[in-house]
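Engineer: Listed below, chain by chain, are the residues.
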Amino acid sequence: MSTVTISTPPKLEMPVKHYLNDNYGIRSWLLTKDHKRIAILYLLTLTFFFFLGGVFAAMIRLQLLTPEGTLFQADTYNKLFTMHGVNMVFFFLVPSIPAVLGNFLVPLMVGAKDLALPKINLASWYIFIIGAAFALAALVSGGVDTGWTFYTPLSSGYLKTHVITLAVGVLIAGFASIFTGLNFIVTVHRMRAPGLTWGRLPLFIWSNYATSIIMVLGTPVLAITLILLALERGFHIGIFDPKLGGDPVLFQHMFWFYSHPAVYIMILPGMGVISEIVTCFSRKRVFGYSFVAFSSIAIAVFGFLVWAHHMFVAGISTYSALVFSLLSFAVAIPSAVKVFNWTATIYKGSVSFDTPMLYALGFIGLFTVGGLTGLFLAALGLDVHVHDTYFVIAHFHYVMVGGMVMAYLGGMHFWWPKLSGRLYPEGWAKLAALITFIGFNLTFFPQFILGYMGMPRRLAAYPPEFQVLNVLSTAGASILAVGFILPLIYFLWSMKYGEVAGPNPWRATGLEWQTSSPPPTHNFDHTPVVTREPYHYGEEDEEEVPVVP
Amino acid sequence: MSHSQTTTTEHHPALAHQFDSMAQQREASNLGMWVFLLTEIMMFGGLFTAYLIYRLKYYEAFVAGSTSISVSWGFANTLVLIGSSLTMAMAVWSAQQGKRRLQVLFIAMTMLLGSVFLGVKAKEYYDKYEECHIPGSSFNAEGGPGCESGDIAKELVEREHIPLEAARQTAHQTQIFFSFYFAMTGLHALHMFLGMGLMTWLLLRARRGDFGPEYYSPMEYGGLYWHFVDIVWIYLFPLLYLISRHR
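Chains as they are written, first to last, in the working numbering: chain A, 1 to 549; chain B, 1 to 247.
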């Protein structure tokens, strides 16, 4: 069986049997309980929604190429930014890393055969598909123009579009995310391999664990909010309707109680990815392991206490605004801890600039800009000035695209050899990372300036003096699109023509690299036993990281 | 099969492939069930919080609305539901003991009591419909044509001796109370329906003799779910029927 010769460098071969060729046919995929295959199902679904949301973004940017906005009617424009937001937030960003990389990696990283509840895992994908079907139904029947925030009473009484259909879609997709979170929590608690103590868990696991806590505690509140919204719209029950004594601000409180923590659902798993990449490509132990681990938990906890900073101008009391402002500043501390620790990890490491590392470095820079401008928005006085302007849009996209999407792409490149068993073309990948970084900054940096100058968000037209910056932004968006389409092409190409990766192309630590690539259906031939701390890079025995054929 | 079985001497037919032992499987599914119940608490929690906010804001209307619903039916239903929790607990116990016929009997009794609860709830809803207290365009608590039985304004004038105009305003505001009444008891009733489906499934499995001292997790979690839904009612009953009630 073994064809390895001693004298020439060993030619790597794909394992004979792995999760992708274990069995064939559509049924073996649609009825699978293998976490790796479910991750692939999610990957396909989310890629579709990412590009669908991207198409809406492209239409928005095209509309804003000219001040008069000649391409679409104002009503259509409202639908475009709503469908962009709902698509990207609920059907891409929230599930992205947990449902794809998390599903694939959590059992591998803890040395288990599968997630604790495989049937629930498959159910989560089906529930997601049902929710997505509702969202698509709302889309093809004319779209919805509430904005992704569904604010009442606009959404509950005044619009004629299919708000209920879309809200039900988001509600159903929420249960998918609850199931994923529940599964991760149980798996991390009960399925760890012998010797894998909490202090030895990879940071990716810590950040996904923190994410799961938010998913489990926050999503049900979104569910009840959307149920009340649907009842309000369908039966005019009046809980959020000022005409009947209801309070629309309560809707905002309940909505943001989930949707602010939800931005941590979106960013925390990305931070986990970056922690893995940065240590691996610096060949150095992560700086301050326990600080990075616990900052994830701190973000999850603080994240629940800052929601009203979305409502500083919505008529909440000055005193509660003060407290929420202070708490919003506090949540910057654990985020900053992470940035400092990544930087300290890189410092004096033997850094190599492979593609995942390029994305990670991009993440650190862009997330820092996004995070710091978040502090501008947490400041009460400045928030009044820049509220509902492009400043907020730019801030949010620096965190979500510059942060989260960069981390997702970085993670996809880092673990692509594990997923597919093959390497992507390094040159093209580096180029794509560079294009993404340049295109991103060109798209969104002008929006900071636009917002600070006072250009409001969500409008289909703008004063002519803003045109230059808007043209820059649209030009950037087209470059960004190239950066996103390139990986799609070469990932597909590499599945057939890529070099065989071998079990551990990055010489990384972590249990997922100790099994073959792609892994067998049952993950490990023997249950691994963990005897030391994670990230033991740069130690004299590093070369002994087992490379199992 | 190629992959080696590393641990475990026992191999129960109900042991799933990803676990090493029945103990690990039980611990994992236990934790999963409790986390699920936590999500339920958060979901009802959002609704309860909104209820409390409006109760403070429209205290008069909540008193009036609460007084107009039937505390005796509510109390009867509370007893029925507590009874069903008892039979559910007995069903779990008989599963642990491996007593097949007792399991079937107790689950059937639980389902019977659950149906009684839903029947009473339906009767209460119908009364609300007759009194025009269903929130929405047909809501009328001020004695409109055909809605005389639900004239909260008139009751307020007689009981509190307040001017008709003020009474009518309060009566109008009870729509918020009834919105919560229907949203909360409706969501609870939906959970009861889901529980009945769960019970049907457990009944079939119990009849087949699936449960015994080594393996009774589905029964245990069905029980936990049923008790949770029961506890929600234990909070709903005082909040809606009792604490705001006049006299």
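Hints listed in this document are in silico derivations from the structure and should not be mistaken for laboratory results. Predicted model, so just to flag it, every value in this text is computed and none were measured. Glycine included, every Cβ here is placed at the ideal spot set by N, Cα and C. Be aware that one or more of the hints could be misleading.
Estimated spans, in silico, between C-beta atoms of each pair [what the hints assert, rightly or not]:
| # | chain 1 | residue 1 | chain 2 | residue 2 | range |
| --- | --- | --- | --- | --- | --- |
| 1 | A | Gly157 | B | Leu194 | 49 to 57 Å |
| 2 | A | Asp22 | B | Trp73 | 55 to 63 Å |
| 3 | A | Thr197 | B | Leu112 | 29 to 37 Å |
| 4 | A | Thr70 | B | Ala166 | 25 to 33 Å |
| 5 | B | Val71 | A | Tyr452 | 44 to 52 Å |
| 6 | A | Leu488 | B | Lys123 | 55 to 63 Å |
Engineer: If you test the structure against every hint from before, which numbers come out violated?
Structural biologist: Violated hints (numbers, rising): 1, 3, 4 and 5; every other hint is consistent with the structure.
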